[in-house]
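Engineer: These are the residues of each chain, in order.
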Amino acid sequence: MADKIDFSKLERLTPREDSWAKVCARLDAESSAAPAKGKIIHIKSWYSAIPIAASIALVALTAILPAFTDSISNEEIQSTEYVSISDSAPSEVLSWYSNLGNSASDEFETLEETVGFSYLIKE
Amino acid sequence: MLFGMHQKGTMDEKVILQHLKDGSREALSLLWQGHSSNVLNLAFRMLKDRDQAEDILMDVFVQVPKAVQGFRGDSALGTWLYRLTVNACLMKLRTKKRHRELEDEKLDTIVEEVIGKGDLQNGDVDTELLEKGLAQLPAETRSMLWLKDAEDLDVKDLASIYKMPEGTVKARLSRARHLVRDYLKERKNHG
Chain Z
2 MADKIDFSKL
12 ERLTPREDSW
22 AKVCARLDAE
32 SSAAPAKGKI
42 IHIKSWYSAI
52 PIAASIALVA
62 LTAILPAFTD
72 SISNEEIQST
82 EYVSISDSAP
92 SEVLSWYSNL
102 GNSASDEFET
112 LEETVGFSYL
122 IKE
Chain D
123 MLFGMHQKGT
133 MDEKVILQHL
143 KDGSREALSL
153 LWQGHSSNVL
163 NLAFRMLKDR
173 DQAEDILMDV
183 FVQVPKAVQG
193 FRGDSALGTW
203 LYRLTVNACL
213 MKLRTKKRHR
223 ELEDEKLDTI
233 VEEVIGKGDL
243 QNGDVDTELL
253 EKGLAQLPAE
263 TRSMLWLKDA
273 EDLDVKDLAS
283 IYKMPEGTVK
293 ARLSRARHLV
303 RDYLKERKNH
313 G
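Residue numbers (this note's numbering), protein chains in the order written: chain Z, 2 to 124; chain D, 123 to 313.
Keep in mind the hints are simulated off the structure, nothing from the lab. Please note: incorrect hints may appear among the correct ones.
Residues from chain Z that keep clear of chain D, each with C-beta distances beyond 12 Å, as calculated [what the hints assert, rightly or not]:
#1 Ala26
#2 Ala30
#3 Tyr48
#4 Ser49
#5 Ile53
#6 Ser56
#7 Ile65
#8 Ser85
#9 Trp97
#10 Tyr120
Dumping the calculated DSSO-like pairs for lysine-lysine here, alpha-carbon to alpha-carbon at most 30 Å [unchecked claim]:
#11 D:Lys310 x Z:Lys10
#12 D:Lys254 x Z:Lys5
#13 Z:Lys10 x D:Lys307
#14 D:Lys136 x Z:Lys23
#15 D:Lys278 x Z:Lys10
#16 D:Lys254 x D:Lys307
#17 D:Lys292 x Z:Lys5
#18 D:Lys143 x D:Lys278
#19 Z:Lys23 x D:Lys188
#20 D:Lys188 x D:Lys278
#21 Z:Lys10 x D:Lys254
#22 D:Lys278 x D:Lys292
#23 Z:Lys5 x D:Lys285
#24 D:Lys188 x D:Lys254
#25 Z:Lys23 x D:Lys218
#26 D:Lys254 x D:Lys285
#27 Z:Lys10 x D:Lys136
#28 D:Lys188 x D:Lys136
#29 D:Lys278 x Z:Lys5
#30 D:Lys310 x Z:Lys5
#31 Z:Lys5 x D:Lys307
#32 D:Lys310 x D:Lys292
#33 D:Lys285 x D:Lys218
#34 Z:Lys23 x D:Lys143
#35 D:Lys307 x D:Lys292
A few chain D positions that, by computed beta-carbon distances, are all more than 10 Å from chain Z [claimed, not checked]:
#36 His141
#37 Ser151
#38 Ala175
#39 Glu176
#40 Leu179
Don't be surprised by glycine CBs; every beta carbon is placed ideally from N, CA and C.
Turn these sequences into a full structure, and let the hints steer you where they fit.
Structural biologist: So this is what it looks like as structure tokens:
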């Protein structure tokens with residue numbers, strides 16, 4: 002190419018005499034260190050394995066848990082029996098309950114304690 | 123010797139590559155004989171420091187046995203080594219984070235280091251100017267210009283080394299040459 006920059010005047014470097022020997026020494030050191038590496042327990046990899054396993058377990062639980070809670074709540078709905086107060090309460094309680102707020106008197110109407118207690122104990 | 127004397131022939135390169143992959147030290151030695159000087163000069167052009175260039179040269183060849191396992195032989199071994207060298211130099215420059223400072227700092231000493239202290243002769247003034255002109259370029263572009271004009275690599279290889287389109291390489295080379303020439307003209311006119 003005609004418009005090349007002429008680098009011919011710039012001196013070319015040659016590697017130092019001991020450079021190749023240094024490369025070989027480094028390679029030898031690496032290869033001798035390599036088998037020792039195999040004996041080391043890779044705790045670092047454990048550190049990464051544990052969080053991954055925990056994450057997977059958490060995701061699995063999150064996926065499975067709604068199914069459990071659904072079946073539990075269904076069972077509860079099925080087993081819960083609705084009992085009306087009019088079927089179970091004694092007549093004193095019912096009449097007190099139905100008259101609440103209907104009285105012209107300013108006095109606070111209270112259910113007789115013994116009746117109330119006996120109802121609660123019965124329930 | 124395990125291999126033939128011709129290192130640049132495609133067949134021989136394939137043989138060397140295979141032995142390199144097998145971990146042969148002799149193959150690595152052949153690679154060193156054929157390419158260490160090129161690697162050193164490229165590193166020196168980028169870093170402008172003889173000691174650091176030697177470090178890069180050794181780093182590159184130490185990493186060859188591992189790195190070659192991932193090399194498929196799509197390009198010549200020399201081109202692949204240049205790519206390793208450019209990457210290693212860029213990494214070094216980035217790590218130091220003083221790319222620009224390095225350019226200025228080394229500018230005054232580079233001629234002494236290459237040519238020898240206090241030994242500037244008639245033609246060396248041009249050499250010094252050229253060094254300073256090259257120093258105006260970013261390290262990557264400077265190395266690209268060096269590989270093209272001093273080492274005669276083709277644009278296709280450069281595109282492979284710098285991982286950029288051939289058109290971009292040509293444009294960069296053209297701009298770099300203009301910049302260096304303008305610098306030389308300006309300095310000569312003022313000198």
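Engineer: Now tell me, hint by hint, if it's right for this structure.
Structural biologist: Verification of the hints:
no. : hint                : in the structure
1   : Ala26               : 10 Å, violated
2   : Ala30               : 10 Å, violated
3   : Tyr48               : 25 Å, holds
4   : Ser49               : 23 Å, holds
5   : Ile53               : 26 Å, holds
6   : Ser56               : 31 Å, holds
7   : Ile65               : 42 Å, holds
8   : Ser85               : 79 Å, holds
9   : Trp97               : 87 Å, holds
10  : Tyr120              : 84 Å, holds
11  : D:Lys310 x Z:Lys10  : 17 Å, holds
12  : D:Lys254 x Z:Lys5   : 17 Å, holds
13  : Z:Lys10 x D:Lys307  : 18 Å, holds
14  : D:Lys136 x Z:Lys23  : 26 Å, holds
15  : D:Lys278 x Z:Lys10  : 26 Å, holds
16  : D:Lys254 x D:Lys307 : 12 Å, holds
17  : D:Lys292 x Z:Lys5   : 12 Å, holds
18  : D:Lys143 x D:Lys278 : 25 Å, holds
19  : Z:Lys23 x D:Lys188  : 17 Å, holds
20  : D:Lys188 x D:Lys278 : 26 Å, holds
21  : Z:Lys10 x D:Lys254  : 14 Å, holds
22  : D:Lys278 x D:Lys292 : 10 Å, holds
23  : Z:Lys5 x D:Lys285   : 22 Å, holds
24  : D:Lys188 x D:Lys254 : 37 Å, violated
25  : Z:Lys23 x D:Lys218  : 24 Å, holds
26  : D:Lys254 x D:Lys285 : 27 Å, holds
27  : Z:Lys10 x D:Lys136  : 35 Å, violated
28  : D:Lys188 x D:Lys136 : 17 Å, holds
29  : D:Lys278 x Z:Lys5   : 17 Å, holds
30  : D:Lys310 x Z:Lys5   : 19 Å, holds
31  : Z:Lys5 x D:Lys307   : 15 Å, holds
32  : D:Lys310 x D:Lys292 : 27 Å, holds
33  : D:Lys285 x D:Lys218 : 23 Å, holds
34  : Z:Lys23 x D:Lys143  : 21 Å, holds
35  : D:Lys307 x D:Lys292 : 22 Å, holds
36  : His141              : 15 Å, holds
37  : Ser151              : 7 Å, violated
38  : Ala175              : 7 Å, violated
39  : Glu176              : 6 Å, violated
40  : Leu179              : 6 Å, violated
Comparing the model with each numbered hint stated earlier shows that hints 1, 2, 24, 27, 37, 38, 39, 40 do not hold.
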